[in-house]
Structures are given as structure tokens and as C-alpha cells.
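Chemist: Based on the sequences and whatever the hints tell you, model everything.
Residue numbers (the working numbering), protein chains in the order written: chain A, 390 to 916; chain B, 84 to 370.
These aren't lab readings, by the way, just hints derived from the structure by calculation. Cβ atoms here follow ideal geometry from the backbone N, Cα and C, with glycine treated the same way.
Distance windows between CB atoms, simulated:
hint : chain 1 : residue 1 : chain 2 : residue 2 : range
1    : B       : Ile239    : A       : Gln542    : 36 to 46 angstroms
2    : A       : Gln542    : B       : Trp216    : 22 to 32 angstroms
3    : A       : Ile689    : B       : Gly226    : 32 to 42 angstroms
4    : A       : Phe862    : B       : His354    : 56 to 66 angstroms
A partial selection of chain B residues facing chain A, derived with a Cβ cut-off under 10 angstroms:
hint : residue
5    : Ser103
6    : Leu106
7    : Phe107
8    : Val143
9    : Glu171
10   : Gly200
11   : Leu299
One side only, chain B facing chain A, incomplete, derived with CB under 8 angstroms:
hint : residue
12   : Glu95
13   : Phe110
14   : Ala177
15   : Leu224
16   : Gly302
Given next are the chains, with one letter for each unit.
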Amino acid sequence: MSTATAEHHDHDDHHGPAKGWTRWLYTTNHKDIGTLYLLFSLVMFFIGGGMALIIRAELFQPGLQMVDPLFFNSMTTMHALVMIFGVVMPAFVGLANWMIPMMIGGPDMALPRLNNWSFWIMPFAFLLLLSTLFMEGGGPAGGWTLYAPLSLQGGDNLAFVIFAIHFMGISSVMGSINIVATIFNMRAPGMTLMKMPLFVWTWLITAYLLIAVIPVLAGAVTMLLTDRYFGTSFFSAAGGGDPVMFQHIFWFFGHPEVYILILPAFGIISSIIPTFARKPLFGYASMVYATASIAFLSFIVWAHHMFTVGMPLAGEMFFMFATMMISVPTGVKVFNWIATMWRGSMTFETPMLFAIGFLVMFTIGGLSGLMLAITPADIQYHDTYFVVAHFHYVLVPGAIYSIMAATYYWMPKWTGNMYDEKWGKIHFWVSTVFLNVLFFPMHFVGLAGMPRRIPDYSMQFADWNAVATIGAFGFGFSQLIFVYVVLKCMKGGEKATTEVWEGADGLEWTVPSPAPYHTFETPPPIR
Amino acid sequence: MSSPSTYYIPHEAKWPIVGSIALFAFFAGFAFLLNGGGWIIMALGAALLIYMMVRWFGDVITESENGTYSPQVDVSFRMAMMWFIFSEVMFFGAFFGALFYARVFSGPWLSGLGEGGAAATNAVLWSGFDYVWPTNGPAALGGEYAKMGWFGLPVINTLILLTSGVTCTIAHHAIKEGNRQKMVRWLLATVVLGFLFVGLQALEYWEAYSHLNLKLTTGIYGSTFFMLTGFHGFHVTMGAIILLVVMLRGTRKHFSATNHFAFEAAAWYWHFVDVVWLGLFIFVYIL
Ligand code: HEM
Ligand SMILES: [Cu+2]
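Modeler: Have a look at this one:
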């Protein structure tokens, strides 16, 4: 009993981090865990990026040069799984960990031990996933969407992939539950819901999306597992099931998932643009409602991924119009960001450059999305490089740029040092040029009919593919600048002030830089 | 009440990493098993996972009984449990969705009904297939079988689960009055009913396999029947174990009229499996 009482007494601890490397293994501190998530995501970014470069190297010229087709297919599959589940999602969770408790004036996450587990699942889950590349028969090669029956006809890797997805899913659901509990339960008195920064709002809604759809993905892959290994016939017409049913269940998860990959980005951009425009965000409340409507609508548009598989006409029409409706709240957001900048006294530090890059190029992706949403047109575009161009425009200058912007924006708060502004700007410009060299030509070859997920292609697509590959290597290697800037900032540099940015607003800018190990053990006053 | 000055930050968490290793061994081992390997790794993983849960929950219980937790922590626990149950609802939703899709869409389409290519598909691929639910598909996978009737065991099981919901609620009222003895008695009844349900479900499976030739491999009917009732049965088992732990804690003088979150979490979970069963009873057995 006495030890337990002792434990009881030091609960409002003022001490810093534990000593030694086990600090990272056992930590319950939201900042430590946030750092772990972000570093994990950075490592996976290069693993996934390496896979992308293998794909682009093979596609540099028509014909088969570098890798065999099965390996090529497993690269496209793994690249997507790594980037979605290993890079974008963990990076957003890392940012949530670092920022949400500080933004709402709370002392930490609501469930710190669960938080530790959510992170420490990730490396093991990816060990399981990546290990399939070294197995007999290679990694999964049926695409990240794991469509039945193709995915059921691959090698022994299927069970490993499915369990890896279950594993990551456990992490995502626990992480989301934690975020919901934190936002509802840890806010400082006076921090009403409609005073929360938009990053907190968008994460709250994202967490709900995750809790709602990750279990559906778990159900879908469980059915794959039993179809393959236990003789069920969910996806076999011979037994009265239907392969198309897999697509319905998968995309019921899959479309909300793409919003999981972008809503936190909306929150980040909504924090950064007001700071550098030195004006409060235009239309705060409409931003909240727009986010909520996007989340709601994302549940009823899934079959726009399936316009060509054969659906009743009523279905095609419904999903077309429902999809187009999402452009309305999305448009509200873009309009609000522009209105925030209107007549602002703007400066263009690196975070702002990335935010503006986001705004312009995400919108390009949104517009190609609108084209894809038109059923009769999508019959032409589906499964071509046009789709690849669409989702890379929303994901790379969208989700990834928002993560970069967030890193530059908050890194002085994390490390206490200013990053190297010159190299940050170089990173932005080099990335942005190569990114468009990489992805813009995909629109052209896509509209001309080049199919996705195929290692070879017809001669007529050769030129633009060569261009795209040059862009890919340029973009890939320019990310080393990012690593350089991050490492340099971690090591030292000009000391950051408490406020860091002149126009910044929010509780995170009221604590010293670097933010102390424990912030807000007593609630801050809320204006 | 929930001022952060009483906020509790646990220092070091040693169990999560153990849990990750355990899950890794379990999943990798299971995948090896499915590909023709042995079961040792999986079993070790499962054992370590159970050990981890016992110890982690054990720590939490000790801390709770020592009064370490503030009311704020209690609220966090409640929210976590609520949304965890919601995620479980969505998991079952996927399987119910598969059932509805197969019954409303795949079946009729395979027999040639509906617009588009359905008629041609039927004529070319599955000519002569007439769809009635239950079905094991145009290829009649698994051979002749009989439907699992709803009268008999399923009705009895429904009554058992509904009764267990009542006994659980009585136990809840008992602890709210601070009557721990009564709580333990009624929880005992709940746990017994829970395990009885699982036992009868096993009996039903045995009957299905040995008398009705209804198997997991009996086309889409067998798939949906066994996966839905199977996952449900697994959840009942988990729920009953949780209730059992709560009951045993009750015999050790845990819980009071105001502090009994573990009980409530277990009770919510129990009502959740109850409601899922009603859905199963209607859509899997009766209709
Ligand atoms: C303006 C809103 C958007 C619309 C109207 C839209 C529409 C579509 C449509 C119709 C498709 C299917 C194309 C096909 O396969 O033929 C598609 C694919 C895709 N979209 Fe979007 N989209 C939008 C925004 C987004 C966002 C914000 C993201 C993610 C951040 C995203 C990620 C994806 C992905 C990953 C795919 C391809 C999935 C695959 O087949 O592998 N989209 N989109
Ligand atoms: Cu979509």
C-alpha cells in the first residue's frame, strides 16, 4: 500500500522526461509520442518514396526494363499502403498529439497509456506488412484496394497483409478514441467548442470518421481472410456472394478514408493562413459546418469509385450527384481561405508558401475530382492515369504539403529553434516545380487512355512518362532538403521567441519555446 | 470538478510495448498457421496478450481502488468505452451489410433479375439458377443443407439473453444503492446466463454441422450465418468474462455506490451484445 500511496502523491509531477532510451518506449507524454509518430512517418515517407521511384524508373521507358511485373505490382500496392497508413495518418496523429492538448489548454491526452500503445503498434504493424516483400511469392500485388477475387489469388502474403491492416486499425481506433476523449474532456474551462482552433475541430471530425469506418475495413478484410482460408463465399458468385460486394464494403471505408487524409490538412491550413495574412480566419463557423458536412457526405458517395463495375442506373445517378454535392462545402473552404488572405498584410515564410501551394494545387485535384464524378465521363477516365493524377494532386500538394507546412510552422515551438528559412524556401520551390513535372503530365497520358498499375505501355505515352519520371526523381531527392532542415533545426539555430510568428494566435503561442515537457498543469485563461 | 490541478498523468507505461509484441506474435503466428505452419508462435502471442491484459487492467484496478483517479479520468474512461462500443457496432455493420447485399442484390442478380446484364449473366453463367433465400449459390456450394430454424434453440437463446439484460440491470441498481452483496448475486445470474447462451450456441453449431449439413462453407448462407453468429458468440464470451471479473471484484469489496465505472462499462457492453443478438435473431433466423 505504501508504494501505491507514494505513487499517488507525485501525480502532479513537475519533472522532465525520464532518462535513457527507455523513455521513448514507456513514455506517456503527448509531446514524446507526437515526436515518435512524426519521426516514424518521416522514415516511412522515404520507404514509400523509394517504392515510388522504383515504379517511376520502370515507367521511364515503354517495355520491361528494371523489375518483373509482379514486383512492379507489389510496389504500387505497397507504395499506397505505406503512404496512406504509414505516412499521412501517423503524421496527422503525431501533429494531433503535439498540438491538440496545447491548443485546448489541457495538460496531456486523456488516455496517456493508451496513447503509448497506439504509437508502439505502428512499427510492429509495418514490420508485418513490409516483411511480405521478402517472402516467397513476394508482397501483395493486387492493389491497395485489395479487390476480390484478384487479391484472393495471390501468394501467401494475404494473411500477413490482412493482419497488418487489423493491427494498424487497432492503433487508429485507439488513437481516435483518445483524441475524442481529449477534446471533449480536457479542454480548459472557457474553451468552448466554438472557440477551438480549426485544427482541433477537423481532428475531432476525423476521429469520428476513423472510429466509424476503420471497423468496416476490418470487416471487409476479415471476409477476404475467411474466403481465402476458411471456404466462405462472401465474394464468390458460385456460392451466392458477389465480388462487387467487396468493392461496396471497401469503398464505404475508402471514401471517408480519403477525407481522413485531408480534413486535418484543412485544419492546418486554417491555422497558417490567418497567421501570415495577419487577419483572423474568415468565416470560422462556416468552416466548422463545412467540415461537418463534408464528413457526413463522405458516407454517401462511395460508389463513385465503382461507376464502371455495373450498378443500376439509379445508383450511378445518386452517387454522381451526391459526389458533386461535396464540392459545395469544399468550395466554401477554399473561398474562406482566399477571403482570409484578401487585403491581409501577407508575408511569405515557408509555412505560408506551403499553405498557398496547398490551396492552389489541392484545388486542381478537387477540379479533376469533379470531372471524375461525372459518371459518363468517368467511364472513360476510370483506372487511367487521370485518376492517378487526381489523387496525387489532392494527396501530395494536399495532405503532404499540409504536413510540411505544419512542420515548418510549429517546429520552432517544438525545438525552440528557428528553422533555416532560406533552405525551407528552397525546399518549397524545388518540390513544387518537380511535383508538377511529375504529376501534371499524368493528366495527359490518362486522358489519352494510359491504364494505371501496368509496368509497360504503348509508345504514344513515352514522352510524358519520361518527363514524369524526371519529376519523380527530382521531387524525391528534394525531400532530402527537408530532412536537412529538420535535423538542423533540432540541433540548434536562432532561438525562437514565445510567440514565434508575429501574427500567430492560439494557446500554443503562449507557452515558451521549446514547449516545456508538461504544459498547462493549471488551466490557462481563455479569452 | 475536472480542474487539471487534479489531473493524473501516469508516468511510465510498460504494458503497451508488451502488448505490441504479443499482438505481433499472435498475428504473425496466425498467418504462419494459415499458410501451413505451426501454431506455437500464435499461442505464445495469445498467452502473452492475455498476461498483458491481466497485468495492465490489474494496475488500473489497483490505482482506482487507491483513489488515484480524479473524476476527470473517470469521464475519459467512459467516453473511451462508449466510442469503443460504437466501433464494434460498425464492425458488425459490415457483416450485416454483407448479409443485406447478398439477399437483396446478389441473389436476384444471379438469377437474372434486374436491369443491365443480369439476364445475360444468368443465361450464360448460371442458367437455371432460381434465387430463394437461404441460398448456397448457383454452384450449390457445400451440397444439400437445411435452414437453421428460428424456433427452438434461437428462441431460448433470445430469452436467455434478454433475461440476462434484466438481471444485469438489477445488479446495476443494487450497486447504485451500495448493496454489493446483491450486485454480486445478480451478476452471478447474468454470467451464468451468458455462458449458458454460449453453450447453447455451441450446441446449435454442432447440430448444424452434424444434422443439417449447414457449414461455414455452405455458400453465402453458411458464410453469413456462421460469421455473424460466430462473432456475436465471441463477443458474448468476452462480455461474460468481463462481467465475471467485475463480479469477482465485487466479492473483494471493490466498487461503491458512486464509483463503479468498470461495472457500467461491462453492462454497456452486455447490452450491446444483446442488441446485436436481436438484430441477428430477426435478420438471420426469422426473416
Ligand atoms: C472535390 C472533391 C473530390 C471529388 C469530387 C473526388 C472524386 C473522385 C472520384 C470520382 C474518384 C474515382 C475515379 C475513378 O476511379 O474512376 C476518385 C478517386 C480518388 N480520390 Fe477523389 N475526389 C475528391 C477529393 C479527394 C480528396 C480530398 C482525396 C484525398 C485526400 C481524394 C483521394 C482519392 C483517391 C486516393 C482516389 C483513388 C482511389 C483508387 O482507386 O485507388 N479525392 N475521386
Ligand atoms: Cu471517393
